[in-house]
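Put the two chains together into one complex, using the hints given.
Chain by chain, the residues:
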Amino acid sequence: MTTTPTPALPPVQVFESGDAALRVVASSPDREANWAAVHGLAEWLDAGGPDGVHGAVPTYDSLLVEFDPGVTSARQVRAFVLLGLRQLEFTGAPARTPREFSVPVVYGGEYGPDLERVAEQQQLSVEEIIGLHTAKSYVIRCLGAPAGSPMMDGPDFPLAVPRLKDPRLSVPTGAVSVAGRQAVIAPAAAPGGWCVIGQTPLTVLDAEAEPLVPYVPGDTLRFHRIQPEEFATYAGRKLEAAR
Amino acid sequence: MSLIIQQPGNSVVTDLGRFRGPRFGLPVNGALDQFSARAANILAGNNDNAPLLEITALDFRMRATTDILIAVTGAPLHLTVGGRECQQWEPVSVRAGETVALRRINGGLRAYVAVHGSVEAPVLLGSCAPDTVVGFGLRLAEGTEVKTTRSVPPIRQPYFDLPLFRLGLTRPEFHSTAVVEVTDGPDVDEFGDTADLLYSTEYTVSGRSNHIGLRLGGALPERQSTTEVLSRGVPVGAIEVPSREELLVLHRGRGVTAGYPVLAVVTSRSLDVLAQARPGHKIRFRKTTVPEATAKHRAALRELETLRSTIATVFPLLGIGNQPGHTPLAPAAGT
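Residue numbers (the numbering used here), protein chains in the order written: chain A, 1 to 243; chain B, 1 to 335.
Since the hints were made in silico from the structure, they are not lab data.
All residues carry an ideal CB built from backbone N, CA and C; glycine is no exception.
Treat the hints with caution; some may be incorrect.
As the list claims (entries may be wrong) - The calculated lysine to any residue pairs, modelled on SDA-like cross-linking and capped at a C-alpha distance of 20 Å, are: (1) A/K238 with A/P214; (2) A/K165 with B/T227; (3) A/K165 with B/E246.
As the list claims (entries may be wrong) - Chain A stretches covered by chain B per the calculated footprint, using a threshold of three residues with CB under 8 Å from any CB of chain B: (4) 45 to 56; (5) 123 to 134.
Bound-form chain B, shown alone (with noise of 0.2 Å):
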């Protein structure tokens, strides 16, 4: 049972992230994009943090030896099962055979592709997130096999105008001009009056961008200070002004202790933004506060529950288990 790579494009497993990473110096890494790959796991009828398919700009081509279900979530793009055209967002049935294409990503950057039952890959730490520090996890090539642990049969639409499944789930928006709000960080007050201009610039996403950090070009606050800073842990999220050319924002990959002053955090939402922006597409940062930030983040999380406790209905329906060969039942007629 396995996924076989046809076209690897940009891709790796990964999940949530290495969390105790960050007390052994290394970063917390994982899907980049949070809200969509737990989304995509739960679609797929998964933990929120089972390892799954992380696709990054180029597109992608993979077959599956025996029949499965997966879901597909994150940027915008073009998704074909054996040639029929699917839905993001939702469950969708693969048979065995059959190639799975994701093209033509836009709007966004990165896709998540979660399989029912999850994929295998090497762990450590407690996590599959690839490093690329260290030189760890499992990136694609062409040729891969990512072995999978449960097949599904496919599952029969009954009534063929309708679709299968009404989740009701907020997708997340996609926009060249993306907003993303910050609180002030620890080192605020040493860019004086300067730090105001991170509210009224609006910045230009750099092509150096990447899962370390994104690179933005605009007007740069400036440190009034000199003295020097001593190493100290930095979270995901912060905005540093390490040059005269760029804002940096470091993201999961994020060297985990670094020397440089704190000007502001994105927020666990907002860094589900960046995850998203691509090289050339416009930010503009939003002041909020830590108390908002978190509700925000809960209101997310609610949705996600919302979602979970729908799909743990209508998958028992459709007979998809948690058990291996588990037969399906008859089409939910009347249920």
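In isolation and in its complexed conformation, chain A is listed as follows (with noise of 0.2 Å):
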């Protein structure tokens, strides 16, 4: 591990949230400096968080620190935090080198039956589509619901793309999905929202492994395209670092 310069911290706001959790949330104009303002202090509070802490959910911009009422309490939790603050400015967030990870793609038809109304929606063919979405290098921001799912930054499509009216109950293991300027894959089977306009073969989460899913927040991932025959060569392997 090794430190970086210290940047300036963004300032930071720590909101109740019931009698065990408190949500801390980083609002500098910065997004980059909040986003890794709240992934320090989760890291820092996992590392050694006092007694009674369960653990931090850290997302864009903002922290959820849970804890249990019975052994510790809001009160002192928000002066851990602050200390954790004030260290972070200190040292700096741990640096750590991200790994990247390739991830087969089969775009449209029954993999992505949401892949033509997204083109429609944003004015661009199909193959348009899938051009700006494998084109770029994405960092999971954070692992959201269901099952840590990596939740990207979106690719670069003009317009933010709505969600479902009618959110579908249940959309497979392995969608690839976007909705308003965001990207996910979905690691496990679940009710959802989003457009989904691919399905990767790879599995994602292993629930016999710990972590369940083998990326990070910071890690980036990329997408490339394979064709529906493909599909069954890639079946049952897992998502794994390309480095």
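See below:
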């Protein structure tokens, strides 16, 4: 673990969230700085949180800290969070070398039932949508519901993608979706209102492993197109870091 | 040594929850009525967090292959062992071959059965709590064999007219109109004056409620701003207004992140009340503060501690030890 030169920490607010959680929000105009602050704080809490702190859930600019109110209290955890922030200001967020993941995707058809709808809404061709989706390397911002989904800033589409009016009751495992300005892969089948544009045959979630998903926030991910007949070739393989 | 499930109803093996789950994107899950689950385990001489059975709404029957000691807590119900009527909220002896039946769960929704020495279940991230999204956990079916770890010879009551245990635990009360305490959520300001509707409305529990969340019908506070919310961690107990039809109160199976503003958060104590709310039951919300909520939670834990020390005194006198094959003492007359 190395330390980076200390950037000024963004201003941070701590909100009560019931008797067993606090919400910490970083509120600078610099989104990267907000993200680095809440993830740095989460890592610090997970490494050495005080008794009674269950853990922290960092997302984009916010962090939910959960604790056992029988052992500690909102007041104590708040003081500990502020201590952690001072520590981070001193040492900088721990820097780790991101790993990169490569994800094969079959686009459209039964694998991506919303691909044409998204193309129409963006006023682009299906090929252009696939081109934009495979063009960039995505930073995994956080793990979301369901089951450790990699939440990423979306592809460079001209417009935000509206969510489905009628969410699906079940989106299959491996579904590759977009909504708003975000992109995601579904590690497990679950209801969902995002637009499904493709599906990966790789197994993302390994319920036997710990952690259950191979990536952590800060890792990067790239999609590449495969043909429907190649789906079976990849099926059952696990998603693993390319480097 | 095992329990053979004869009539599963709607039952699982669970514990207090997967507390390391949320950081990996998994909900905490675990027993929805935490007080009843802890009490069942303590009454059975186990750790609070030992795996136990959670039975929701429907009748349940199982047979023990060896002599065991159990405790049944949670919603009021009709409990029989080998056809004999038995009490909830106290240790109960079950002989090899006898059937334990839980019938007519009423008043509340969920019952807990702890077995002395606990039961075996697969573990994920330190917990056996089922996760319906990942497809993990031990859901009971007819014929499922749940392994137990300790046999306890029947406890003999030397004085027939006296109850065997006087444990002095205040049992939770179950009403069809429940008062649920909440604290202001981090986003309460986004609802403006409409937030007050939460406290002036009587809500009705919808049939679409489950371990992920309860849906409540009634007058709905309305978000005043329309800015997009980035996904963020939401606590168990978060009250949201995702649609124009219902209030959503998240419980232990909730997805860890969401993009809806949090109007209020149900206290840890009142989450147990919601765990027992049946479809059609009425809910009223009352505002409290975090320090008060914490104090109430700790008062309940102290009560459980008292119960634990009573059990720790009584069990050795009855010969219920922690070692398998421990020989029971003679009836503890005069002690």
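Okay, the hints, checked on the actual structure:
1. A distance of roughly 9 Å separates the Cα atoms of A/K238 and A/P214; the hinted pair therefore holds under the 20 Å criterion.
2. A C-alpha spacing of about 19 Å is found between A/K165 and B/T227, which places the hinted pair at or below 20 Å, so the restraint holds.
3. Restraint check for A/K165 and B/E246: satisfied, since their Cα atoms lie roughly 17 Å apart, inside the 20 Å limit.
4. Check on the region 45 to 56 of chain A: 4 of its residues sit with their Cβ under 8 Å from a Cβ of chain B, so the three-residue criterion for coverage holds.
5. With 0 residues having a Cβ less than 8 Å from any Cβ of chain B, the region 123 to 134 of chain A misses the three-residue criterion, and the hint is violated.
Of the hints listed earlier, the one the structure fails to meet is number 5.
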